[in-house]
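Asker: Each chain, letter by letter, is given below.
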Amino acid sequence: GQQLNQSPQSMFIQEGEDVSMNCTSSSIFNTWLWYKQDPGEGPVLLIALYKAGELTSNGRLTAQFGITRKDSFLNISASIPSDVGIYFCAGPLFYNQGGKLIFGQGTELSVKP
Amino acid sequence: EPEVTQTPSHQVTQMGQEVILRCVPISNHLYFYWYRQILGQKVEFLVSFYNNEISEKSEIFDDQFSVERPDGSNFTLKIRSTKLEDSAMYFCASSHGGSGGDNEQFFGPGTRLTVL
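Chains as they are written, first to last, in this note's numbering: chain A, 1 to 113; chain B, 1001 to 1116.
No lab work stands behind these hints, which were simulated from the structure alone. Don't take each hint at face value.
[Unchecked claim] Cut-off 27 angstroms, straight-line C-alpha distance, at most; resulting in silico cross-link-like pairs (DSS-like, lysine-lysine):
#, chain 1, residue 1, chain 2, residue 2
1, B, K1078, B, K1057
2, A, K70, A, K51
3, B, K1042, B, K1083
4, B, K1042, A, K70
5, B, K1042, B, K1078
6, A, K70, B, K1057
7, B, K1057, B, K1042
8, B, K1083, B, K1057
9, B, K1083, A, K112
10, B, K1083, A, K51
[As the list claims (entries may be wrong)] Examples of chain B residues lying across from chain A (beta carbon under 7 angstroms, computed):
#, residue
11, Y1031
12, V1043
13, F1045
14, S1048
15, E1053
16, E1056
17, R1080
18, F1091
19, N1103
20, F1107
21, G1108
22, P1109
We put the CB at the ideal spot given by N, CA and C, even for glycine.
Sequences are here, hints too, so could you generate the full structure?
Answerer: Dropping the structure here:
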């Protein structure tokens, strides 16, 4: 089946550091969504990207839709302890009209105060 | 801010029993979804629902599963005869659109289903 590959799988950083994670696929996506999930809770939408090359920010978070439509990255600047969680990329395949999202396996972020 | 709600938060059931998981999507949304997440794994699509019918379903969504929108606000997932491997977090999501520029999906907090 279609897959989204996220890297790294986990990160351990010091508070205040910047973080970068990415998401790649062998297939084209027409939307990239970035979610954050805290333990025992549902994914929370952080950023949505709709155009190739688009760069969008949400506070300290910045995400980009890759030019090839096969990748996206998420940056977090000046990390704080509440950034801890699992970050998922997700998207519908370009030909999919029903809205089914494919999810990556997640990047787990740990922040040391 | 409008949000997706789900009940119950945790359901424990015996193998072979029927369970119904309930969701109230965001009120002006038109597309509804169920996903599941086995502990420690990624979120997997089960089914999408639009205009009172299933739009798409995954291979996981077999004859034991069904969805319904019984009234103007609720969206339910029924598992007819639960199996041990159905134990997972089940998330409901909704979006205003189904594709293109308006399919930002908002997720509920989930129902943890434990099958004994």
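Asker: With reference to the structure, classify each hint as holding or not holding.
Answerer: Tested hints:
{"no.": "1", "hint": "B:K1078 / B:K1057", "in the structure": "holds, 14 angstroms"}
{"no.": "2", "hint": "A:K70 / A:K51", "in the structure": "holds, 12 angstroms"}
{"no.": "3", "hint": "B:K1042 / B:K1083", "in the structure": "holds, 20 angstroms"}
{"no.": "4", "hint": "B:K1042 / A:K70", "in the structure": "holds, 19 angstroms"}
{"no.": "5", "hint": "B:K1042 / B:K1078", "in the structure": "holds, 22 angstroms"}
{"no.": "6", "hint": "A:K70 / B:K1057", "in the structure": "holds, 24 angstroms"}
{"no.": "7", "hint": "B:K1057 / B:K1042", "in the structure": "holds, 17 angstroms"}
{"no.": "8", "hint": "B:K1083 / B:K1057", "in the structure": "holds, 19 angstroms"}
{"no.": "9", "hint": "B:K1083 / A:K112", "in the structure": "violated, 40 angstroms"}
{"no.": "10", "hint": "B:K1083 / A:K51", "in the structure": "violated, 42 angstroms"}
{"no.": "11", "hint": "Y1031", "in the structure": "holds, 5 angstroms"}
{"no.": "12", "hint": "V1043", "in the structure": "holds, 4 angstroms"}
{"no.": "13", "hint": "F1045", "in the structure": "holds, 5 angstroms"}
{"no.": "14", "hint": "S1048", "in the structure": "holds, 5 angstroms"}
{"no.": "15", "hint": "E1053", "in the structure": "violated, 11 angstroms"}
{"no.": "16", "hint": "E1056", "in the structure": "holds, 4 angstroms"}
{"no.": "17", "hint": "R1080", "in the structure": "violated, 23 angstroms"}
{"no.": "18", "hint": "F1091", "in the structure": "holds, 5 angstroms"}
{"no.": "19", "hint": "N1103", "in the structure": "holds, 5 angstroms"}
{"no.": "20", "hint": "F1107", "in the structure": "holds, 4 angstroms"}
{"no.": "21", "hint": "G1108", "in the structure": "holds, 5 angstroms"}
{"no.": "22", "hint": "P1109", "in the structure": "holds, 5 angstroms"}
Comparing the model with each numbered hint stated earlier shows that hints 9, 10, 15, 17 do not hold.
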